[in-house]
Amino acid sequence: MLGEFEYLLISVAARLGENAYGAAIREEIEAMDRTCSIGALYTTIDRLEKKGFLRTWMGDPSPQRGGRAKRMVRVTKEGVVAAEEFYNSVMRTSQGVSWAMK
Amino acid sequence: MISSPSLLVKLTARLLEPREREVVLGDLTEVHASSGQAVCEVLGLGVRRHAALWLNWRPWLTGPGLALPASFLLMGVSLSVSQACLQLVDSDTGSVTWLLTQMCLLLVWSWTSGFVIGSLSRRTLWASIAMCCWPCLVCLSKFHLELLSPVCLLWFLIPAGLGVRQGLSGKRIRRSVALTITTVLMLTMLLRWQGGAQRWWSPPWWLVDFVMSWPTLFLVARASSRAEAG
Chain A
1 MLGEFEYLLI SVAARLGENA YGAAIREEIE AMDRTCSIGA LYTTIDRLEK
51 KGFLRTWMGD PSPQRGGRAK RMVRVTKEGV VAAEEFYNSV MRTSQGVSWA
101 MK
Chain B
103 MISSPSLLVK LTARLLEPRE REVVLGDLTE VHASSGQAVC EVLGLGVRRH
153 AALWLNWRPW LTGPGLALPA SFLLMGVSLS VSQACLQLVD SDTGSVTWLL
203 TQMCLLLVWS WTSGFVIGSL SRRTLWASIA MCCWPCLVCL SKFHLELLSP
253 VCLLWFLIPA GLGVRQGLSG KRIRRSVALT ITTVLMLTML LRWQGGAQRW
303 WSPPWWLVDF VMSWPTLFLV ARASSRAEAG
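Chains as they are written, first to last, in this note's numbering: chain A, 1 to 102; chain B, 103 to 332.
There may be inaccurate statements among the hints.
[Unchecked claim] Derived lysine to any residue pairs resembling SDA-like cross-links, with alpha carbons at most 25 Å apart: (1) B:112 x A:50; (2) A:50 x B:157; (3) A:50 x B:151.
I should point out that these hints are in silico values taken from the structure, not numbers from a laboratory.
In isolation and in its complexed conformation, chain A is listed as follows:
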């Protein structure tokens, strides 16, 4: 079962698709009014990769990064299944509660 931040990270990575990497994921998360430190981001990415829900690899260096490489992220099939389970679980448990009916 995923944690809330893990679900958030997988969702953002899935939405970004081929452009999912550390800084882009962080920017997306912060755009949702969530704070996301680099420490939280990369330790969560590592944890999800260990669980087999993400795959990461080093991308090409780019000039706007001072010639440094990106850590690219892709959601695996297992990651998609885990995210679906989390989403369905939240939807099921939220039925009939006041905040979900607004």
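Keeping the supplied structure of chain A fixed, place chain B upon it in accordance with the hints.
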């Protein structure tokens, strides 16, 4: 705004592994993080990474479990060797056998302890070194023997340092070599037990032997056959 991370950021980033350092510095450059913010971010990740290392048993075994007690005990053995040398030089009451057995034990115990520390705690080596330095500094500050220099407490650091280097290199010891070292150690301890005379400073040697021998057993357990060692 930074086009290239400041020296302080780069220094802080030394806390991270090279691959991760590259990625994080790239991320910070891309979002134009201020130097202060970048240092906080890198420090946050570095602390998390180093804290995570302590969830494993290895740093606990090599730091508080080995480096700390072994430093005290090996300083005792180093002192014992120096005293035996002094006795041999100054008077005829010294025993050559005792001196040789103590020297042999000092070399083997120090080297094997260093090897275990280097093999098991590469990324937390700094903590093991700190736990070795602390008893050394305490003992050096309290050392007051007229005929001996405080440096005589630290003989063990030379073979221990060589052991750490060997451990860090990741090279495996051949089983035949490990078994030879263990046999020599056991025989030397037996020899000392038989010929132990009263010394100036005499710790409970059975305790020293017991605590200091397990790194040698680790050496045997980790040793590879000739074919594996290549």
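Taking the hints in turn, this is what the structure says about them:
1. A threshold of 25 Å between alpha carbons decides the hint, and for residue 112 of chain B with residue 50 of chain A the separation of about 28 Å lies outside it, so the pair is violated.
2. This hinted pair checks out: residue 50 of chain A and residue 157 of chain B have alpha carbons roughly 16 Å apart, not beyond 25 Å.
3. Under the criterion of a C-alpha separation no larger than 25 Å, the hint pairing residue 50 of chain A with residue 151 of chain B is consistent with the structure, at around 15 Å.
Violated hint: 1 only; the structure is consistent with all others.
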